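So the sequences go chain by chain: A and B. Residue numbering for the first sequence follows the numbering used here, starting at 1 and increasing by one per position. Residue numbering for the second sequence follows the numbering used here, starting at 1 and increasing by one per position.
Just so you know, the hints here were simulated from the structure itself, not pulled from any lab data. Hints may be right or wrong, so weigh each one.
Pairs count within a copy or across copies, as identical chains cannot be separated in the list.
Claimed, not checked - Computed list of lysine to any residue pairs in SDA-like fashion (alpha-carbon distance at most 25 Å, straight line):
#, residue 1, residue 2
1, Lys-369, Ile-225
2, Lys-430, Glu-382
3, Lys-580, Gln-534
4, Lys-65, Glu-363
5, Lys-386, Thr-312
6, Lys-369, Asp-2
7, Lys-238, Tyr-574
8, Lys-369, Ala-44
9, Lys-238, Asn-324
10, Lys-241, Gly-573
11, Lys-580, Arg-537
12, Lys-432, Thr-322
13, Lys-386, Pro-323
14, Lys-519, Leu-530
15, Lys-238, Met-576
16, Lys-238, Ala-172
No experiment lies behind these values; they were computed from the predicted model shown.
Protein chains: 2
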Amino acid sequence: MDDLQVGVLGGGQLGRMFVEAAHCLNIKVSVLDAANAPAKQINALIEHVEGSFARAADVLALSQKCDILTVEIEHVDTKVLEEISEREPLKVQPSWQTIRIIQDKYRQKEHLIRNGIPTTESIPFGTASPQGLKEIADRLGYPFMLKSRTEAYDGRGNYPVRSVSEIEKAIATLKDRPLYVERWADFQMELAVMVVKTSSAASISSWETSTQSFPVAETVHEDSICKLTYTPARGVSKTVKSQAQELARKAVSAFEGRGVFGVEMFLLQDSSLLINEIAPRPHNSGHYTIEACHMSQYEAHLRAILPNLSNTIIPGATSLLTPNTNAIMLNVLGGPTPTSHLVVARAALTIPGAKIHLYGKAEGRPGRKMGHITLIAPTMQEAQEKIQPLINIVDAIRIHRSEGPTTSAETILTTAHTISTTDSSRAPLKAKPLIGITMGSDSDLPTLKPGVQILDDFRIPYEVTITSAHRTPDRMLQYARTASSRGLKVIIAAAGGAAHLPGMIASSTSLPVIGVPIKGKTLDGMDSLLSIVQMPRGVPVATVAIDNSVNAALLAVRVLGVEDEDVRARVEGYMMEMQKEVVAKAGVLEERGWKEYSGGSK
Amino acid sequence: MDDLQVGVLGGGQLGRMFVEAAHCLNIKVSVLDAANAPAKQINALIEHVEGSFARAADVLALSQKCDILTVEIEHVDTKVLEEISEREPLKVQPSWQTIRIIQDKYRQKEHLIRNGIPTTESIPFGTASPQGLKEIADRLGYPFMLKSRTEAYDGRGNYPVRSVSEIEKAIATLKDRPLYVERWADFQMELAVMVVKTSSAASISSWETSTQSFPVAETVHEDSICKLTYTPARGVSKTVKSQAQELARKAVSAFEGRGVFGVEMFLLQDSSLLINEIAPRPHNSGHYTIEACHMSQYEAHLRAILPNLSNTIIPGATSLLTPNTNAIMLNVLGGPTPTSHLVVARAALTIPGAKIHLYGKAEGRPGRKMGHITLIAPTMQEAQEKIQPLINIVDAIRIHRSEGPTTSAETILTTAHTISTTDSSRAPLKAKPLIGITMGSDSDLPTLKPGVQILDDFRIPYEVTITSAHRTPDRMLQYARTASSRGLKVIIAAAGGAAHLPGMIASSTSLPVIGVPIKGKTLDGMDSLLSIVQMPRGVPVATVAIDNSVNAALLAVRVLGVEDEDVRARVEGYMMEMQKEVVAKAGVLEERGWKEYSGGSK
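Please model the complete structure; the sequences and the hints are all you need to start from.
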């Protein structure tokens with residue numbers, strides 16, 4: 001596909017998945033790392049270099065074999081990358097400057113701030129004196145983060161300082177490292193966006209043409225290590241997702257060079273976003289892209305760094321496979337024994353939709369990244385239900401991880417079972433309502449009951465409430481406006497008399513609204529019917545017969561059946577049953593004769 | 001994941017993708033084939049065996065290294081596999097008997113017939129005398145297939161005989177091969193189902209527990225080589241799909257051993273199914289499973305042959321990722337020059353959703369399988385539109401494939417462009433209608449026009465027709481009953497007076513039906529409204545205001561928007577526009593005063 005040879009500094013799991021992507025395009029990748037590193041195991045095509053990405057001579061040896069150099073880890077020798085780039089400009093992607101800036105977390109933050117990108121407030125802390133740190137803390141408040149500027153990842157080099165009494169211990173823990181202090185971000189959620197940068201220059205103003213972004217993932221950390229990612233991020237509005245993608249793309253466009261960047265962000269309580277940190281390479285939070293997106297982050301990185309392919313990353317190339325692709329990624333870390341992590345992988349084998357990635361590392365050690373599992377399902381609800389047993393095992397491994405090599409798989413599974421039965425947050429989630437039923441008055445409820453029963457019969461999750469158009473107008477509009485973002489797909493609204501509720505709700509949502517006219521004391525329901533059905537052009541209400549909540553429910557089910565074959569099959573079954581029932585009655589009537597027939601009471 | 005080492009006879013593309021699956025589970029696979037075979041290129045973990053799968057000594061050398069042996073091609077030395085199995089039962093999967101039966105296509109057919117599996121009628125033809133063949137032909141009729149019993153694949157060893165005059169040439173072409181004659185199957189479509197068999201014994205009666213199947217793919221062959229697969233098969237009813245899966249699973253359960261089997265079938269004109277042939281291994285028609293299914297056929301094969309993992313293939317494990325995953329697989333064959341096939345791959349780089357698999361073969365030769373492309377999209381329509389440019393290039397390569405090494409990429413692209421513009425079958429397909437609009441009488445059309453215009457504005461494909469409940473009752477029921485299988489999602493039905501059409505249509509489809517009451521000469525439309533809205537319990541019609549086809553269309557669009565975010569965004573845009581329009585009118589009215597205001601004509 002491309003005759004250029006690629007060299008990658010580092011051959012861990014990221015390098016391994018990068019090599020997988022390269023194989024599909026028949027592109028040769030040479031790896032610099034220890035013998036038998038994960039990435040080397042799967043590539044017999046080419047001679048690799050044995051050594052360290054932090055040693056200049058080894059990097060030079062790799063460079064001699066390759067046309068393009070890239071990294072799977074940023075803690076590399078950038079001095080030698082700088083020298084190589086002086087002789088061969090653009091050979092190192094992303095550029096050595098970018099890698100050097102990003103290696104030092106404080107410089108990374110400075111760079112972002114200089115470019116107008118919102119990020120967590122950070123203060124360098126050179127002296128390592130407790131007094132100096134106390135002064136900074138007085139300014140920022142507690143808690144705050146004490147962090148190593150360099151060689152910090154997966155929680156190593158971070159210390160959350162919760163009160164003045166922890167300062168001395170924090171300094172002692174991180175001693176001999178260059179440090180800085182970071183203001184605590186009171187976030188509601190952590191988000192991550194993988195960005196692919198396809199032109200070499202740093203230029204924020206051209207972010208729209210120089211970058212593409214993958215979907216927004218929600219990340220969950222434990223012990224400062226990524227534990228889970230959810231894509232699309234759960235319960236995050238479209239607006240915030242667009243803002244997150246735009247911010248991530250702008251941040252990445254401030255760096256030189258081409259390739260994929262992992263951008264980690266905080267979504268704060270006020271819905272604003274702050275960049276936490278950036279990785280100049282594929283990232284744990286982008287593993288899900290392998291199964292869930294048109295192109296994986298690894299293929300995106302490969303294409304971006306190759307000068308002849310970087311222009312193939314066009315809008316849409318990084319999208320989810322289909323609009324209802326939902327992905328959860330779960331990291332599989334080492335546990336008490338060298339094989340404890342395999343307990344998770346074995347359990348995943350029996351969960352349809354769970355895709356296992358083991359990295360080929362020799363032995364599990366507590367907390368070591370041994371693999372990951374990506375679960376794909378058509379709804380996030382289903383994905384969460386399916387992955388919960390695996391999360392239970394991961395948590396059980398963590399509970400036992402310091403207990404040493406006598407911990408058996410059975411012990412882990414027993415603990416997983418125990419926590420699954422004692423911790424109610426691990427129980428199967430209640431299905432999110434798909435149908436919202438609302439009525440103008442509680443006096444409408446008896447009429448609605450047969451319809452609600454239909455939804456139960458069809459096993460469709462729903463919610464029932466009261467919103468009166470005339471007595472609670474604000475509540476009604478609020479209900480309508482939030483319906484779609486709360487996950488509702490159809491609204492059933494019942495009202496009588498001057499029955500404004502269904503039409504008013506339809507005016508404030510883009511969901512289909514079904515109106516049930518309730519018969520009042522006068523006019524035989526005609527007032528309700530006409531108030532609901534005679535909507536002006538532009539705002540439709542799907543009106544059913546007076547008092548016929550059953551048909552409203554059946555109509556709602558038919559709407560869900562448009563895209564859900566299972567639901568449609570249930571509707572077909574219901575129609576068959578109805579037919580059989582009538583035919584059976586006809587049989588009885590014909591057999592007994594009309595005089596003896598006891599059914600059909602008036 | 002499993003400490004057993006797997007040996008695979010053959011290291012072509014199937015072996016390569018098998019090794020890819022094994023890497024994800026950290027299972028070691030040793031390959032017997034020539035040095036640098038595609039499968040070996042991506043596996044540096046283990047020593048492979050250089051040699052041939054048809055040479056006993058080489059197979060024995062592989063066997064010595066491995067705990068389990070399997071094949072990626074059936075044309076192997078089964079004598080040595082038999083010997084190995086005598087010493088180590090169940091080491092060869094699927095069993096040597098299965099491989100031996102399947103190697104000989106006539107024996108394969110005999111085996112199926114003996115087990116009651118419908119397959120194409122076949123007659124052995126030992127003598128190679130033209131007279132003998134003529135006698136058989138008189139019995140079967142022309143055309144018929146003359147086939148080699150052994151070493152036949154990708155069209156090699158097949159000769160379609162269309163008339164008596166071709167008999168001598170057919171025999172001459174296939175001379176020195178053991179031959180048989182096959183009755184011509186007059187099929188409407190070829191289907192393929194990948195089946196995974198998870199228990200070792202041959203037992204048709206236990207097919208439900210011993211096998212699982214992947215979805216039904218439609219296969220398209222050219223020059224007797226698989227060209228395209230479409231999954232799910234297009235326009236095939238659920239019933240036929242279930243029958244195809246059941247037949248494939250029964251056929252496979254008649255063979256000994258575990259593993260994946262590719263079952264190719266003919267769907268005949270009368271909708272019955274015949275087995276064409278079976279492969280005892282992953283198959284070209286199952287490539288799509290890598291991206292489209294929860295588990296690929298390669299992972300399924302690996303798990304099935306490993307005794308400790310074969311029980312992990314549970315129902316659902318082989319399903320599509322989501323209900324709206326649609327996959328098209330396109331084979332990339334070698335062309336006139338060693339790199340012509342890369343023209344297809346390069347074009348695929350710029351099509352979001354197209355996943356490229358190149359096999360690492362050194363040089364393209366005309367017709368050699370060099371790679372494949374799988375395109376995933378949420379609808380088959382979208383998948384077809386996206387892949388058409390690649391099919392054009394594949395066809396252009398075929399046109400030029402005998403023209404030798406001076407054929408440039410430009411020549412191929414020019415031809416692709418020419419055929420795309422001159423062959424109307426290659427034009428973008430007309431989108432399949434999602435909304436069916438029907439009316440009781442053509443006099444309703446003027447009332448419906450504003451609604452149809454709305455669908456145009458929203459870019460929703462629709463169809464419009466007339467079906468009168470009272471004048472064409474059969475046609476009306478036929479319309480309703482076929483609506484869902486024709487791809488319609490919502491029906492809009494308009495009628496006036498004793499307006500039975502919407503309700504009758506709703507009685508015969510499980511789709512949502514929207515009713516538009518048309519105002520007649522008397523009763524101001526009240527007759528139509530009540531005839532449509534007052535449906536009995538069990539059969540809902542979503543009724544809109546009298547004559548308000550605009551609201552019917554908008555309601556239909558809202559229903560489509562339930563699962564399609566793009567459509568929903570368009571509805572929201574429309575609502576914003578409406579709001580702006582009213583506010584603008586208010587501004588004009590307030591500015592000019594009510595006396596001067598010229599809008600709002602009565």
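Contradicted hints - numbers only: 16
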